[in-house]
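Student: Place chains B and C on chain A using the hints.
Residue numbers (our numbering), protein chains in the order written: chain A, 258 to 327; chain B, 665 to 1026; chain C, 6 to 341.
For the record, the hints were derived by calculation from the structure and aren't laboratory data. Among these hints, one or two may not hold up.
[Unchecked claim] Between beta-carbon pairs, the in silico distance windows are:
#: 1; chain 1: C; residue 1: Gly16; chain 2: B; residue 2: Asp935; range: 36 to 44 Å
#: 2; chain 1: B; residue 1: Asp932; chain 2: A; residue 2: Asn270; range: 32 to 40 Å
#: 3; chain 1: B; residue 1: Ala957; chain 2: A; residue 2: Gly271; range: 20 to 28 Å
#: 4; chain 1: A; residue 1: Asn270; chain 2: B; residue 2: Thr929; range: 21 to 29 Å
[Claimed, not checked] Simulated coverage check for chain B against chain A, where a stretch passes if three residues somewhere in it have a Cβ under 8 Å from a Cβ of chain A:
#: 5; segment: 673 to 687
#: 6; segment: 799 to 813
#: 7; segment: 857 to 863
Backbone N, C-alpha and C fix where the C-beta goes; we use that ideal spot for every residue, glycine too.
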Amino acid sequence: MCLAIPMKVMEINGNTAKVEQEGVSKAARIDFLEGLQIGDYVLIHAGIAIERLDPEDAEETLRLIRMIAR
Amino acid sequence: MRYIDEFRDGALALEIAERIRKEATRPLRLMEVCGTHTMAIARHGIKGLLPENLRLISGPGCPVCVTPQGQIDQFIELGKSADTILTTFGDMIRVPGTHSNLEAERARGADVRVVYSPLDAITIAEENPGKRVIFFGIGFETTTPAIALAILEAWKKGLPNFFVLSAHKLIPPAMTALASDPEVGIEGFICPGHVSSIIGSEAYQPIAREYGIPCVVTGFEPLDILQAIHMLVKQAMEGRAEVEVQYSRAVSQYGNLAATKCVYTAFDVVDTEWRGIGVIPVSGLALRPEFAAYDASKFLPEYVPSPGNKACECGLILKGLKSPSDCKAFGRVCTPENPLGPCMVSNEGACAAEFRYSGGRL
Amino acid sequence: MKDDIILLAHGAGGKKSADLIGGLFLKHFGNPTLNVLGDSAIIRNGAHTLAFTTDSFVVDPLFFPGGDIGKLAICGTVNDLAAAGAQPIALSAAFILEEGLEFEVLERIVDSMSRTASEVGVSIVTGDTKVVPRGSADRMFINTSGIGLLPAQEYPSPERACVGDIVILSGTIGDHGMAVMTCREGIRFSSEIMSDCAPLNDLVAKMLEASPSIHCLRDPTRGGLAATLNEIASQSGVCIEIEEEKIPANEDVRVACELLGIDPLHVANEGKMLVIVPAQDAEAVLSALREHPLGERAAIIGRVHSEPTGRVHLKTSMGSLRILDIPAGDLLPRIC
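Next comes chain A alone, as it looks inside the complex (with noise of 0.2 Å):
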């Protein structure tokens, strides 16, 4: 129930963002989401992005599994 690919901002026009992956890019609402910078990555889910994703959050969880596996 929860497929939501990662995607970068590359444009803002009010509630709707244009997010770009890879060459591959679509049109996503973001009403739910504030603050919301060109560059940014966000979860796309069913047409929406429901988060923005931390990239130091991200390199934190990885450090910590190369922690683990260590």
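Tutor: Chains B and C in isolation, oriented as in the chain A frame:
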């Protein structure tokens, strides 16, 4: 950082699996609630990396699977009028109702259209003013904000011909029903990542506190799932029962409040039937009276729960009390092409995932 | 639920298509030539061996990024002949046109067919045209049939895969199906994904020069790589194991598939060949492929084992093994 490939490193996966193997010193029953997790686990062959004593059970978090046959019958019934366009997510097209499914109805002449987003259904309604456009509202908390947004759009535009038949459900009440059933014996929940982006990790506190079950909010890439399993194993071995967030890059403590607010503007919480399980209190969503103009259920007679197939063991499988291969119908009468019950119905049902990706046939 | 009506899934190249062919067509038409169910029928007539194939094209939209129904109609049939190791010597083209179709559209498509056939070096020698009332056909349906000559006594065939053979894919998967999907109503996303629609007869000729004993050739069209591998595994009575990491795919196709919840292994390809070859010839065939413009991304993706027969296994990028099953039917976008 592109958020996908980094979390699919096969070498790291094997190393985490090795750590899990070392640290899981007793048998453990873990449940992944979300159907997308069931699918990801099957697709990446995660079970094959885990030790034998670690049992992963698939819970009822597949909204397609738990939609009652009777509601599918209702949606099909609505489509029989010539003035109606049925719109639905692709996931629902082959799900069996009592006698038929949307695919067969489309073949018989019903106007059934697959959409990627409920907002596309709004566009169809605008483009077809002479028709009644009904959207099948399926999905848990990840999806309901999109439907709520669509309903508010319809209201803002004064669209007279857009309707939603709500079959929406909520995850925490289902988890509570399972947690409170001693027969089920879950020792850790792999909590749904994107549902949690909306509802926040705090939503699972009551389950951890009152039932003593560790909860880890998990992402969907293989490394996310393995890290989360490691975190659950650690909690279990250390005798802790806390809510931890593995998927920190997408989940906050309180979630997306704007999305939640929108959902409860359009919907009320109601008791609802889960296919294979029965009625779970305050586990579903119905359109609020203010939005009755967009509620498709008013076109229908009162909903009557339908009896399931007698050979179907989905109720027990959804609770993790039986595994797919325990069911006599599995792989014989009941296959993905001819599913008897919810677990075989979509790729993320426990039985479908097992049949397609391993099914004791490996 | 038993089917008492024909569904779109029956034409999608997956399980229901297989059931229809086996349960109905073979039951009534069955004969040794047909029963092989190769991409082409092999017909021996005295000193000559012919390959004969037919295909119908109903793609919507008629024009898609990288091609059109006309180009597809020529390539599809040429490629089915190529899969038998045959060079095409003649094609037919039959048109079912919907009343109201714009003449200009028809001309563009026929022109495309002519140019593609020229490129291949084959002529359309016979044809037919029917017009049906408005609403009875989706603008245009095309059927092409083709005959080719098989010079050798041995030719690739779906039941010839042997234990120890190497599995090679000539290039990236999913391009055609996703290019068409982006044009679909209700899927509003844009990309630069192009159909890989291309005639493969020359590519096949180069491969056969490198190894005259190629065991199997097949173009993975509807149903994708998953359907094709399952068909061969079943017809040859072997187990095919492929590695996820080795399968070439373009990034934008991967993303488009993730976005819609579609498995790239189920997506149609119209310019790719699956090649199953004895191990000792694998490197030579791979080199021949990579030297050809249509095979630059060719890669070894797996190997043939003995058991369990009729099964296809996928080694995931995590290193574990899972079954690669035949797809259920239509490709549908999902939210779950």
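Student: All hints, please: hold or fail.
Tutor: Status of the hints after comparison with the structure:
1. C:Gly16 <-> B:Asp935: 36 to 44 Å: Holds - the Cβ-Cβ distance for Gly16 of chain C and Asp935 of chain B, about 43 Å, lies within 36 to 44 Å.
2. B:Asp932 <-> A:Asn270: 32 to 40 Å: For Asn270 of chain A against Asp932 of chain B, whose Cβ atoms are near 33 Å apart, the range 32 to 40 Å holds.
3. B:Ala957 <-> A:Gly271: 20 to 28 Å: 26 Å, holds
4. A:Asn270 <-> B:Thr929: 21 to 29 Å: With a Cβ separation near 24 Å, Asn270 of chain A and Thr929 of chain B satisfy 21 to 29 Å, so the hint holds.
5. 673 to 687: holds (count 4)
6. 799 to 813: holds (count 7)
7. 857 to 863: Holds, because 5 residues of the segment 857 to 863 of chain B bring their Cβ atoms closer than 8 Å to Cβ atoms of chain A.
Against the hints set out earlier in the document, no violation occurs for any number.
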